[in-house]
Amino acid sequence: MFAAYAARIDPDQPLSGLELGDRPEPADRAGWTTVSVKAASLNHHDLWSLRGVGLGAESLPMILGCDAAGIDAEGNEVVLHSVIGQSGHGVGADEPRSILTERYQGTFAERVAVPEWNVLRKPKELSFEEAACLPTAWLTAYRMLFTNAGVRPGDSVLVQGAGGGVATAAIVLAKAAGLRVYATSRDEAKRARAMELGAVAAVEPGARLPQRVDAVIETVGAATWSHSVKSLRPGGTLVISGATSGPSPKAAELNRIFFLELKVVGSTMGTKDELEGLLNFCAATGVRPVIDTVLPLDRAREGFAKMAEGDLFGKVVLTV
Numbered sequence: 076m077f078a079a080y081a082a083r084i085d086p087d088q089p090l091s092g093l094e095l096g097d098r099p100e101p102a103d104r105a106g107w108t109t110v111s112v113k114a115a116s117l118n119h120h121d122l123w124s125l126r127g128v129g130l131g132a133e134s135l136p137m138i139l140g141c142d143a144a145g146i147d148a149e150g151n152e153v154v155l156h157s158v159i160g161q162s163g164h165g166v167g168a169d170e171p172r173s174i175l176t177e178r179y180q181g182t183f184a185e186r187v188a189v190p191e192w193n194v195l196r197k198p199k200e201l202s203f204e205e206a207a208c209l210p211t212a213w214l215t216a217y218r219m220l221f222t223n224a225g226v227r228p229g230d231s232v233l234v235q236g237a238g239g240g241v242a243t244a245a246i247v248l249a250k251a252a253g254l255r256v257y258a259t260s261r262d263e264a265k266r267a268r269a270m271e272l273g274a275v276a277a278v279e280p281g282a283r284l285p286q287r288v289d290a291v292i293e294t295v296g297a298a299t300w301s302h303s304v305k306s307l308r309p310g311g312t313l314v315i316s317g318a319t320s321g322p323s324p325k326a327a328e329l330n331r332i333f334f335l336e337l338k339v340v341g342s343t344m345g346t347k348d349e350l351e352g353l354l355n356f357c358a359a360t361g362v363r364p365v366i367d368t369v370l371p372l373d374r375a376r377e378g379f380a381k382m383a384e385g386d387l388f389g390k391v392v393l394t395v
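Numbering (our numbering), first residue to last: 76 to 395.
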């Protein structure tokens, strides 16, 4: 079957290890099922895998891709939850949870095998392309906002780095849930897009906000950390799920954190129940993922290049 896969690891030039070509069909495995992929979306996780983060050379070649929507063996339209082993279904008793492609072949292929437990019905209201955007970036944003930030309608939230998959999802979901949304971006066009999606203000990173916010959605890391902490009201919550600009800020702002009794919460992916909640939320409200580009699988390299260059707003989707 045709697939996009990591053939080599290169921390400095990750795309040099990306190859497109024939790979073996998924093997039969007890408790697992094979899904015919209709659409799959890119995440920064795929670029990090090509750099060797979470993926060792001993596991190569590895088909990339965490997210997918497709058709199961019974002909049902389905979405895949990409955290393997979260419930213990389909894996060994001592095996820790992992994201698809850290241990098992991924979704950038004509077919993918996952534990039966990881398959959810796709709402008829969502296209395959839309549904394929949800299991990683949008699920991460959903959990950050509604589980870990604990925000309620009428609260205010700052989303750092508008344009990225998680940040874009957070803006749309927060607006739909009745939150007052602020956003940042270095790019003027991306700030304008953030306003179109529902932000009441979009400013350059580090700029003073009209008010201190109840929560900050942080995926940028070192470059925006200080601004995130300073933007919170007393008792506010900073939720972080990534650090694309690096993990070591110049100032940790510890004095401000303890004096204002701020909460810092780490967040990774989400549960199957949260993904089902997200799917139902989108189906019921009309909220749809922001898609930057849709490409056929054989043009996957173009999508990876757009992500590597930061030249996108929303998700890149590959169709099969």
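It should be emphasised that the hints constitute simulated quantities derived from the structure, not laboratory data.
Positions of the beta carbon are idealized from the N, C-alpha and C atoms, including for glycine.
One thing to keep in mind: the hints can contain errors.
[To be verified] Ranges of calculated distance between the beta carbons of each label pair, as one might list FRET restraints:
#	residue 1	residue 2	range
1	287	381	48 to 56 Å
2	270	106	30 to 38 Å
3	283	97	30 to 38 Å
4	106	76	16 to 24 Å
5	77	199	25 to 33 Å
6	360	136	19 to 27 Å
7	325	104	41 to 49 Å
8	325	169	18 to 26 Å
9	151	97	23 to 31 Å
10	380	283	29 to 37 Å
11	287	262	19 to 27 Å
12	279	167	15 to 23 Å
Each hint tested on the structure:
1. 287 <-> 381: 48 to 56 Å: The hint (48 to 56 Å, Cβ to Cβ) is violated, given that residue 287 and residue 381 are roughly 35 Å apart.
2. 270 <-> 106: 30 to 38 Å: Given range 30 to 38 Å: violated, Cβ gap about 47 Å.
3. 283 <-> 97: 30 to 38 Å: violated (55 Å)
4. 106 <-> 76: 16 to 24 Å: Given range 16 to 24 Å: holds, Cβ gap about 22 Å.
5. 77 <-> 199: 25 to 33 Å: For residue 199 against residue 77, whose Cβ atoms are near 28 Å apart, the range 25 to 33 Å holds.
6. 360 <-> 136: 19 to 27 Å: violated (40 Å)
7. 325 <-> 104: 41 to 49 Å: Taking Cβ atoms as reference, residue 325 and residue 104 lie about 48 Å apart, which means the hint holds.
8. 325 <-> 169: 18 to 26 Å: Because 41 Å falls outside the window, the suggested range is violated.
9. 151 <-> 97: 23 to 31 Å: holds (27 Å)
10. 380 <-> 283: 29 to 37 Å: holds (35 Å)
11. 287 <-> 262: 19 to 27 Å: For residue 287 and residue 262 the Cβ distance comes to about 25 Å; the hint holds.
12. 279 <-> 167: 15 to 23 Å: The hint (15 to 23 Å, Cβ to Cβ) is violated, given that residue 279 and residue 167 are roughly 49 Å apart.
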